[in-house]
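Visitor: Okay, here's what each chain looks like letter by letter:
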Amino acid sequence: MANRVVQFLTRTRGHGRFHLTDWLTYGYLTIGVFLMFGPVMWLALSSFKTEAALLQFPPPLLPYGPAEAEVEGYDRPLPLYRVEKEDGSETIMAQVRRIGLIAQMVDPDDPGTIVKVNVKKRKRVEEFQLATENYSDLWRQFDFPQYLWNSVFITIVATILTLIFNAMAAFALSKYQFRGRTAVFLFIIGALMIPPTIVLVPTYLVVSGMGLLNSPWGVIWPAIATPTGVFMLRQYMLTIPDDLIDAARMDNASEWRIFWRIVMPLSAPALAVLAIFSVMWRWNEFLWPLIVLNRSEEFTLPLALNAFQGELKTQWNYLLAMTVLTLLPVTFVFAFLQRYITSGIASAGVK
Amino acid sequence: MARLQLKKVVKSYPSGDVIRGVDLDIDDREFVVFVGPSGCGKSTLLRMISGLESVSSGEIIIDDQCVNDIPAAQRGLAMVFQSYALYPHMTVYQNLAFGLENIRTPRDTIAKKIAEAAKMLQIDHLLDRKPTALSGGQRQRVAIGRAIVREPKIFLFDEPLSNLDAELRVQMRAEISQLHRQLGNTMIYVTHDQVEAMTMADKIVVLRSGNIEQVGAPLDLYNRPENRFVAGFIGSPKMNFLPGVISSIDSDGVQVKLDGDEEPTILARVDGAGRTDGEKVTVGIRPEHIHVPGDQSTGRTAAPNGGNTVKLAVKHTEQLGSESYLFAELSGGKRVVVHLPGQTSARIGDIIDVQIPAPSCHIFQTDRGEMALPRLDAPIDRPTTPQTDQ
Amino acid sequence: MNDKFASWPHRVLAVVTGALRAITHLMLNIPERPMRWAQRVLGGQRIAWLFLTPNLIIFSLFTFLPILINFYYAVTGGVQLWPSERPFIGTENFQKLFACDNYFDYSTCDQDLFWRAIYNSMKFVSIQVVLMVLFSLITALVLNRKIVGRGFFRSVYFFPVLLSPVVVALVWRWILLRDGVLNAIIESMGGEKVLWLLDPSWSFFWVIFVTVWAQMGFYTLILLAGLQAIPRDVYEAAQMDRASPWRTFRKITLPLLMPNMIVVLALALIRAVQTFDEVFVLTGGGPGSATTFLVQYIYNTGFAQQIQRFGLAAAASLVLAVVLFILTMAQLRASRSKIDG
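Chains as they are written, first to last, in this note's numbering: chain A, 1 to 351; chain B, 352 to 741; chain C, 742 to 1082.
Hints were generated in silico from the structure; no laboratory data involved. Everything numeric in this text was worked out from a predicted model, so none of it was measured. Where a beta carbon is used, it is the ideal one built from N, C-alpha and C, also for glycine. One or more of the hints may lead you astray.
Between beta-carbon pairs, the in silico distance windows are [claimed, not checked]:
id	chain 1	residue 1	chain 2	residue 2	range
1	C	K887	B	I699	55 to 61 Å
2	A	E297	C	F805	30 to 36 Å
3	A	A335	B	E502	50 to 56 Å
4	A	A307	C	K887	47 to 53 Å
5	A	A268	B	I412	40 to 46 Å
6	C	G1029	A	L24	36 to 42 Å
7	C	F805	B	K359	43 to 49 Å
8	C	R891	B	R458	49 to 55 Å
9	B	H476	A	G38	58 to 64 Å
10	C	I868	A	A335	30 to 36 Å
11	A	G38	C	F829	51 to 57 Å
12	C	G892	A	A307	33 to 39 Å
13	A	G209	C	T765	30 to 36 Å
14	B	D475	C	T765	26 to 32 Å
Chain A with its partners taken away, still in its complex shape:
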């Protein structure tokens, strides 16, 4: 059995021997896994550390933190230290306060007597601590639910509208012969070549003129008519036989019914790809919301993250937890739909 496993793992180049290039290949890939996943893993791991543990240098790999204990007569839990006694033996004591090089400590079993210890003679006691409060506090102390809701709302509404509007346009462009069709198509392809970054100022004017500043709709409306989406759906709808649409016409279906009952269901694969893309785009979008949404109660998650890290004293424990929560949905979507995504990109070359 083990033999078979080794054989399988070393099955390369058809010669049965592990070639130098194979070593290089797997070396590169291993480094790649470390480099690509490592930083995100480190972030996720760190997000479970207490604030105190995050301040330690060098940072511990796992979420260890200074142990603390409730000591009678003290309101707050006190940090525990391993103290080296004169006779060389060690004992665990709680530190009350530190003055210069001298730390005032008590034995938890004997809270009354304060012992003075040289700071060099003590070491922190570490214990495994999963600081889940980094996450739970987000819900209690911060506007995180609000940001989450804003992001979810913008993502879902924009995606649904993107799908419907773009599918309608793609249907018109792929299944009708009307005067001006080529012009409209070129118009939309033209939009493909105009990146939103170069029309920031005037788009801001339009959005503010419509009274959409500081409203999620100011982010949603400009985003939904993606030329990429129209183009992708049109290419797909061209492959739906015209006969089906004629058959539906003979079946007394109105054009809207044909769109809704025949064309939409048959375009499901393309719609799914566009939906995934749209969710990614909207969830991750940064520059445009940054311009349109100025009030913190309208912030999306990326904006909240940005605002949070820009504060004078960054509360990294919460920031890290929030970052993890922001990347989690995308990671899940990717884990389940990666085949759709990768083949969608490989075939369309779009992003």
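For this one, chain A is given, so just place chains B and C on it according to the hints.
Guide: Just chains B and C now, kept in the frame of chain A:
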């Protein structure tokens, strides 16, 4: 009741006219086949009747009402497509129900109609399947069923059998004919296959580049083609065409000297009125009308009315058992195909004498239209049973 | 009896699917009546305009109208947003942008930040795009080999592409902190702590590194698709011809991959010129303005500062538009040669 009239119907595209002024009357309960080579406009004409294609000029009249501006859905017609056009995301039942739902038919009525149609077409066990799980023949039946449940005034078929294999095609041909007898609706059927046209039609409409070449019953088209195109299109293998010059005209018919020094002269029993000696014409002889008297295996000997005797050099033979083909040349080198029943004793290299009955010969003019000269007597191959419907 | 088994997830699911069905039913039936009416009025094919309307309105409002307004902004001054309140000043904005004693020394320019941004962008683009294409190519070649678990490794490299640029920047900020894990590793190996994001050269390096890290997977995927489209038998023929691996790569792989390479190059260029999000969160354009690029200059000028100089920002975005136009044309030409060849 459904009568269809086309009056000077034209379809123009920027690139040119596809239908060039078609006039046609189709009676109630008639089975009409539009036939012609690809690109002749037969499908376009059908789609114009259906309403899927607009009419550039002229009128389409169904039951005395001009339907030019009535959309496809409201003309009360049903169409069976070449690709079947079954909705791939719906089950067979949903496919059949879709059209009825669209006109807000009550559910129980839908169920009843579908049950009837499914039983008639023997697809009742397939109702829960998706089209992708069906064979070609089954899809074809569903497509027909979808048309039946709507109880249309006229059925339109757009090359419905061309995606089936040969055996299935023969079977479906018979079933569609039977369906026509059973339902008694007017049916219009488009095909490029003249065999389908001959076997199914009450009336065949032969089309070429947007014009009607001839309209008639299948045997009329076979026996009395009005021009060279129809003569060549109807019948398989194709009629032999031999260019020549009129050498004499009398009450027996017209004599044509075939082009080429060594080629023979052929007598055809056609009316030469209005023709002149020396005029260029084309002689048409169907391969099955050439007789080989000496051939031991065939029962066919001398032609009843006598006629032309011609020498043929056999260049190639094809023996199919029940029939055989000779690919031969006249003495001057003109190619002629002979179609014989049974098996032939002729070998490659043989020079044989064949008889071509004068009444079976056609003559076509060579000017525009290539019209046929009228034949003098009833074609010999026609059964001489007395006509009942006077 | 059945209620006993219908646990709450089932009930929730039933409610959700019911609601979805109701919504799609309404979406089908409510617009149908007016659409049928329009169909009668407009006729068979012109109904297409109705399907196009929502899209065209949004395109016009948020893409084409802004393009026109952008030109207007570029030739007007003042700090007002509303166009009618802005005085016409002709080419003054452009003159201001291009007022330099010496174009090679941005400190002599009136808008020194603009020129700083241009030089930064040029430097960034030229280095980043080369590295991007190089690493994408290497990764694609490695992934194209007969390896165990190709799907997994492909996902690994692609994963960062999906992350929000803000998340990407924060992931690396956390690593590059003064007391971050990178400095800890360096110290454990006997080195000294480096203030990665406070040193101009290092922060420039990290901006390039992080953007390559984040986007490489996308280009890898395109190149991998190109590699897999090369028929196996071409390689087998080369093997029969006893071509060395290097020669095979130079003479077969590279030429056949060229169309994809050009597309990748063009896309990476266009993207690099527009870099903003990652850099804004990672370095904020700093230290000083060491990593301030063109789009950030536009953002800062138009939106981030107390005085919002929309005219100047619009003029700068026209400069950006010209650059992008040239690059897009190059891309179109490249993709056309991809189709032809």
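Visitor: Work down the list of hints and note, for each, if the structure agrees.
Guide: Status of the hints after comparison with the structure:
Between C:K887 and B:I699 the CB atoms are about 59 Å apart, so this pair conforms to the stated range of 55 to 61 Å. Range check, A:E297 to C:F805: Cβ separation about 32 Å, and the 30 to 36 Å hint holds. Checked against the given bound of 50 to 56 Å, the beta carbons of A:A335 and B:E502, roughly 53 Å apart, stay inside it. Roughly 48 Å separates the CB atoms of A:A307 and C:K887, a value that falls within the hinted 47 to 53 Å.
The beta-carbon spacing between A:A268 and B:I412, approximately 42 Å, falls within the hinted interval of 40 to 46 Å. In this structure the supplied range 36 to 42 Å holds for C:G1029 paired with A:L24, their Cβ-Cβ distance being about 41 Å. A beta carbon spacing of about 46 Å between C:F805 and B:K359 agrees with the range 43 to 49 Å that was offered as a hint. For C:R891 and B:R458, the hinted distance range of 49 to 55 Å is satisfied, since their beta carbons lie about 52 Å from each other.
Between B:H476 and A:G38 the beta carbon distance is about 59 Å. The supplied range of 58 to 64 Å therefore holds. Checked against the given bound of 30 to 36 Å, the beta carbons of C:I868 and A:A335, roughly 33 Å apart, stay inside it. For the hinted restraint 51 to 57 Å between A:G38 and C:F829, the CB-CB distance of approximately 56 Å keeps it satisfied. Take C:G892 and A:A307: their Cβ atoms lie about 38 Å apart, and the range 33 to 39 Å holds.
The supplied range of 30 to 36 Å is met by A:G209 and C:T765, whose beta-carbon atoms lie about 34 Å from each other. Distance hint check: the CB atoms of B:D475 and C:T765 are about 30 Å apart, consistent with the given range 26 to 32 Å.
Checked against the numbered hints above, the structure violates none of them.
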